[in-house]
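Those protein sequence lines, which keep their order, are chains A and B. Everything in the first sequence is counted per the numbering used here, starting at 1 for the first residue and increasing by one. Everything in the second sequence is counted per the numbering used here, starting at 1001 for the first residue and increasing by one.
I should point out that these hints are in silico values taken from the structure, not numbers from a laboratory. Any given hint could be a false lead.
Unchecked claim - DSS-like cross-link-like pairs, simulated, lysine-lysine; straight-line CA separation at most 30 Å:
no.: 1; chain 1: B; residue 1: K1244; chain 2: A; residue 2: K151
no.: 2; chain 1: A; residue 1: K123; chain 2: B; residue 2: K1061
no.: 3; chain 1: A; residue 1: K244; chain 2: B; residue 2: K1208
no.: 4; chain 1: A; residue 1: K123; chain 2: A; residue 2: K70
no.: 5; chain 1: B; residue 1: K1119; chain 2: A; residue 2: K122
no.: 6; chain 1: A; residue 1: K122; chain 2: A; residue 2: K3
no.: 7; chain 1: B; residue 1: K1206; chain 2: A; residue 2: K119
no.: 8; chain 1: B; residue 1: K1061; chain 2: B; residue 2: K1122
no.: 9; chain 1: B; residue 1: K1123; chain 2: B; residue 2: K1244
no.: 10; chain 1: B; residue 1: K1048; chain 2: A; residue 2: K206
no.: 11; chain 1: A; residue 1: K123; chain 2: B; residue 2: K1151
no.: 12; chain 1: B; residue 1: K1206; chain 2: B; residue 2: K1151
no.: 13; chain 1: A; residue 1: K122; chain 2: B; residue 2: K1061
no.: 14; chain 1: B; residue 1: K1151; chain 2: A; residue 2: K206
no.: 15; chain 1: B; residue 1: K1151; chain 2: A; residue 2: K208
no.: 16; chain 1: A; residue 1: K208; chain 2: A; residue 2: K3
no.: 17; chain 1: B; residue 1: K1048; chain 2: B; residue 2: K1151
no.: 18; chain 1: A; residue 1: K244; chain 2: A; residue 2: K119
no.: 19; chain 1: A; residue 1: K48; chain 2: A; residue 2: K151
no.: 20; chain 1: B; residue 1: K1123; chain 2: A; residue 2: K119
no.: 21; chain 1: A; residue 1: K206; chain 2: B; residue 2: K1123
no.: 22; chain 1: B; residue 1: K1122; chain 2: A; residue 2: K122
no.: 23; chain 1: B; residue 1: K1206; chain 2: A; residue 2: K123
no.: 24; chain 1: A; residue 1: K208; chain 2: B; residue 2: K1244
no.: 25; chain 1: B; residue 1: K1208; chain 2: A; residue 2: K123
no.: 26; chain 1: B; residue 1: K1123; chain 2: B; residue 2: K1151
no.: 27; chain 1: B; residue 1: K1208; chain 2: A; residue 2: K208
no.: 28; chain 1: B; residue 1: K1048; chain 2: A; residue 2: K61
no.: 29; chain 1: A; residue 1: K119; chain 2: B; residue 2: K1122
Claimed, not checked - Each pair of labels, with its calculated beta carbon distance range:
no.: 30; chain 1: A; residue 1: H37; chain 2: B; residue 2: T1111; range: 44 to 54 Å
no.: 31; chain 1: A; residue 1: S35; chain 2: B; residue 2: Q1013; range: 13 to 23 Å
no.: 32; chain 1: B; residue 1: G1256; chain 2: A; residue 2: T16; range: 38 to 48 Å
no.: 33; chain 1: B; residue 1: Y1156; chain 2: A; residue 2: S26; range: 58 to 68 Å
no.: 34; chain 1: A; residue 1: S15; chain 2: B; residue 2: S1050; range: 37 to 47 Å
no.: 35; chain 1: B; residue 1: T1111; chain 2: A; residue 2: Q41; range: 48 to 58 Å
no.: 36; chain 1: A; residue 1: H58; chain 2: B; residue 2: K1145; range: 52 to 62 Å
no.: 37; chain 1: B; residue 1: Y1156; chain 2: A; residue 2: K70; range: 49 to 59 Å
no.: 38; chain 1: A; residue 1: G17; chain 2: B; residue 2: D1275; range: 44 to 54 Å
no.: 39; chain 1: B; residue 1: N1176; chain 2: A; residue 2: E253; range: 43 to 53 Å
no.: 40; chain 1: B; residue 1: F1002; chain 2: A; residue 2: H37; range: 56 to 66 Å
In this text, a Cβ means the ideal position worked out from N, Cα and C, and glycines have one as well.
2 protein chains.
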Amino acid sequence: MFKIPDHQVAGHQASTGIIGPLIDDSGRFYKPLQSDHRGSQEVEFYTKFSSITEIPNHIRKFFPIYYGTKQIEASDGSGPCPHLVMEDVVSIRTNPSLMDIKMGSRTWFPTASEDYIMKCLKKDRETTTLPLGFRISGFQIYGDKDSGYWKPERKYVLGFSTDDVRVALKKFVSSNSSNDLVAEPDFAFAESVYGGPNGVLAQLLKLKTWFENQTIFHFYSCSVLMVYEKEPALKGHSPGVTVKLIDFAHVIEGEGVIDHNFLGGLCSLIKFISDILDNLPHNSAQNSEN
Amino acid sequence: MFKIPDHQVAGHQASTGIIGPLIDDSGRFYKPLQSDHRGSQEVEFYTKFSSITEIPNHIRKFFPIYYGTKQIEASDGSGPCPHLVMEDVVSIRTNPSLMDIKMGSRTWFPTASEDYIMKCLKKDRETTTLPLGFRISGFQIYGDKDSGYWKPERKYVLGFSTDDVRVALKKFVSSNSSNDLVAEPDFAFAESVYGGPNGVLAQLLKLKTWFENQTIFHFYSCSVLMVYEKEPALKGHSPGVTVKLIDFAHVIEGEGVIDHNFLGGLCSLIKFISDILDNLPHNSAQNSEN
Chain A
1 MFKIPDHQVA
11 GHQASTGIIG
21 PLIDDSGRFY
31 KPLQSDHRGS
41 QEVEFYTKFS
51 SITEIPNHIR
61 KFFPIYYGTK
71 QIEASDGSGP
81 CPHLVMEDVV
91 SIRTNPSLMD
101 IKMGSRTWFP
111 TASEDYIMKC
121 LKKDRETTTL
131 PLGFRISGFQ
141 IYGDKDSGYW
151 KPERKYVLGF
161 STDDVRVALK
171 KFVSSNSSND
181 LVAEPDFAFA
191 ESVYGGPNGV
201 LAQLLKLKTW
211 FENQTIFHFY
221 SCSVLMVYEK
231 EPALKGHSPG
241 VTVKLIDFAH
251 VIEGEGVIDH
261 NFLGGLCSLI
271 KFISDILDNL
281 PHNSAQNSEN
Chain B
1001 MFKIPDHQVA
1011 GHQASTGIIG
1021 PLIDDSGRFY
1031 KPLQSDHRGS
1041 QEVEFYTKFS
1051 SITEIPNHIR
1061 KFFPIYYGTK
1071 QIEASDGSGP
1081 CPHLVMEDVV
1091 SIRTNPSLMD
1101 IKMGSRTWFP
1111 TASEDYIMKC
1121 LKKDRETTTL
1131 PLGFRISGFQ
1141 IYGDKDSGYW
1151 KPERKYVLGF
1161 STDDVRVALK
1171 KFVSSNSSND
1181 LVAEPDFAFA
1191 ESVYGGPNGV
1201 LAQLLKLKTW
1211 FENQTIFHFY
1221 SCSVLMVYEK
1231 EPALKGHSPG
1241 VTVKLIDFAH
1251 VIEGEGVIDH
1261 NFLGGLCSLI
1271 KFISDILDNL
1281 PHNSAQNSEN
């Protein structure tokens, strides 16, 4: 009944002897509660988030639906273990392309332990977190039946420079997404995925408006997950663009202050996506007039 | 001809044997070039900024006018020394109230030395820089002829908590600004200084729009300076609200990425100011309906 998810690109992944998330046939995602404070902090977040009625529905839909916790057999065979149960936002898709982007130029929260802060700070400085306000944690890009997916190793992705990030965001919406950053992207899906009233950019702008005002939560080390499918995008069909926030093990109370760390990174990501849309090949004549 | 400015609230201040800025009678401000890289970096910034014609005038007016560099006698009597010459945005006022707010949740830039980074990080964590995305570096609030100015010591201001910052921003636009944070602010100047089409909030929102798009500069350790005068505010006269960016010794090239660090802090400051305007005593009936 439970199986290891096909389409996970970041975070702890289940494999032989290693505990990780599971999914079932009904579209639910089971995340084992991490034994330290992180598991309970994520339960606390979901519980509080569910109880706050002031969060409008158009924002609520950026968060996976939460179904509580449940004791199930852990993926590593170590026996029953409590799991967070939530909406599986990916596995219902056939051939999803997806990207996990960890937000903020700082992944550590002020009250964390000194060891944790120094570990995070080191990683933030070694990745694009510091210069860009976000880093790509992982992705998979579906090519076609023959080429399948490009799903690079985590280590490769974490080594991305600013330019690599720019290219990866272009390849993410291209049809010729061969297994490297070299081939020139063709932007075949840029308008249908990033553009339009339900595209990634429009959704990120809605999130931005909320983050300019919300002072309830600070989302440290949280990710934006972008998902779409190439096949249904042909001939006027929607590619089913989904933008979700995931990973709330390091969410703390906002105490009346906006989450300027997440918001800054979000504005930076928005600028990267806008730049791609503003500079699409067929727009070049128009752009040169600006 | 040259004298020590009356209304400086932050930064290096001239006193016996200590070098600091000077002003003249014609409204110019002379800042001694710091002997390390900082002085030359600020000259470089002003030179580059002056040469970029794409910066619109409504943004250019947030920066002091730059008149180049000039060799004059240093304030400490150590002889001639090169000074940055710029518009004096304060001393033309009679009794200005002013506040210097250092922007960003990180005051260090990625390529700085390890010593410098650790020194800044420590200060960022000890002040409101980390939680708020900005810290008040200094202020003076004019009361009236009898009470004069409240101009607290730098050390006191740097010790501010989040709540202290909130109160200081309220006292800044109150008539009863006695020399502490205790007395209840009366918000007498809140609408005329923070509100309206030329008030602080409107000006900060213009800056925000620019920062969402500009990728030329990253303004580390730069300040927003707010200035106004109480007396002309009576009976429909404008309090002459000025908002300027100052201190560009740590500006680096943006390299195509927005300054998410400054922008995040700016959005946080905007939220603080908006909250004050939204919760003015006479607005309370209206607010309770929201």
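Going through the hints against the structure:
1. B:K1244 with A:K151: violated, 48 Å
2. A:K123 with B:K1061: The given pair, whose Cα atoms are some 39 Å apart, is violated under the 30 Å limit.
3. A:K244 with B:K1208: With a Cα-Cα distance of about 26 Å, the restraint between K244 of chain A and K1208 of chain B holds, given a limit of 30 Å.
4. A:K123 with A:K70: Roughly 33 Å separates the two Cα atoms, so the pair is violated.
5. B:K1119 with A:K122: Holds, at roughly 16 Å.
6. A:K122 with A:K3: The given pair, whose Cα atoms are some 35 Å apart, is violated under the 30 Å limit.
7. B:K1206 with A:K119: With a Cα-Cα distance of about 37 Å, the restraint between K1206 of chain B and K119 of chain A is violated, given a limit of 30 Å.
8. B:K1061 with B:K1122: Answer violated: K1061 of chain B to K1122 of chain B is near 33 Å, above 30 Å.
9. B:K1123 with B:K1244: OK: K1123 of chain B and K1244 of chain B at ~24 Å, within 30 Å.
10. B:K1048 with A:K206: This hinted pair is violated, its Cα atoms lying about 35 Å apart.
11. A:K123 with B:K1151: violated, 41 Å
12. B:K1206 with B:K1151: holds, 29 Å
13. A:K122 with B:K1061: violated, 38 Å
14. B:K1151 with A:K206: violated, 42 Å
15. B:K1151 with A:K208: Given that 30 Å is the threshold and the Cα spacing comes to 37 Å, the pair is violated.
16. A:K208 with A:K3: Distance ~35 Å between K208 of chain A and K3 of chain A Cα, so the pair is violated.
17. B:K1048 with B:K1151: violated, 35 Å
18. A:K244 with A:K119: holds, 27 Å
19. A:K48 with A:K151: violated, 35 Å
20. B:K1123 with A:K119: Holds, at roughly 19 Å.
21. A:K206 with B:K1123: Violated, at roughly 34 Å.
22. B:K1122 with A:K122: Measuring from Cα to Cα gives roughly 15 Å; hence the hint holds.
23. B:K1206 with A:K123: Distance ~34 Å between K1206 of chain B and K123 of chain A Cα, so the pair is violated.
24. A:K208 with B:K1244: holds, 26 Å
25. B:K1208 with A:K123: At roughly 29 Å apart (the allowed maximum being 30 Å), K123 of chain A and K1208 of chain B satisfy the hint.
26. B:K1123 with B:K1151: holds, 22 Å
27. B:K1208 with A:K208: holds, 13 Å
28. B:K1048 with A:K61: violated, 45 Å
29. A:K119 with B:K1122: holds, 16 Å
30. A:H37 with B:T1111: 44 to 54 Å: violated, 35 Å
31. A:S35 with B:Q1013: 13 to 23 Å: Because 54 Å falls outside the window, the suggested range is violated.
32. B:G1256 with A:T16: 38 to 48 Å: Hint holds: Cβ distance 43 Å, inside 38 to 48 Å.
33. B:Y1156 with A:S26: 58 to 68 Å: Check passed, 60 Å falls within 58 to 68 Å.
34. A:S15 with B:S1050: 37 to 47 Å: For S15 of chain A and S1050 of chain B the Cβ distance comes to about 58 Å; the hint is violated.
35. B:T1111 with A:Q41: 48 to 58 Å: violated, 34 Å
36. A:H58 with B:K1145: 52 to 62 Å: Because 54 Å falls inside the window, the suggested range holds.
37. B:Y1156 with A:K70: 49 to 59 Å: holds, 53 Å
38. A:G17 with B:D1275: 44 to 54 Å: holds, 52 Å
39. B:N1176 with A:E253: 43 to 53 Å: Since the Cβ atoms of N1176 of chain B and E253 of chain A sit about 32 Å apart, the hinted range of 43 to 53 Å is violated.
40. B:F1002 with A:H37: 56 to 66 Å: Holds, at about 59 Å.
Hints 1, 2, 4, 6, 7, 8, 10, 11, 13, 14, 15, 16, 17, 19, 21, 23, 28, 30, 31, 34, 35 and 39 from the list above are not met by this structure, while the remaining hints are.
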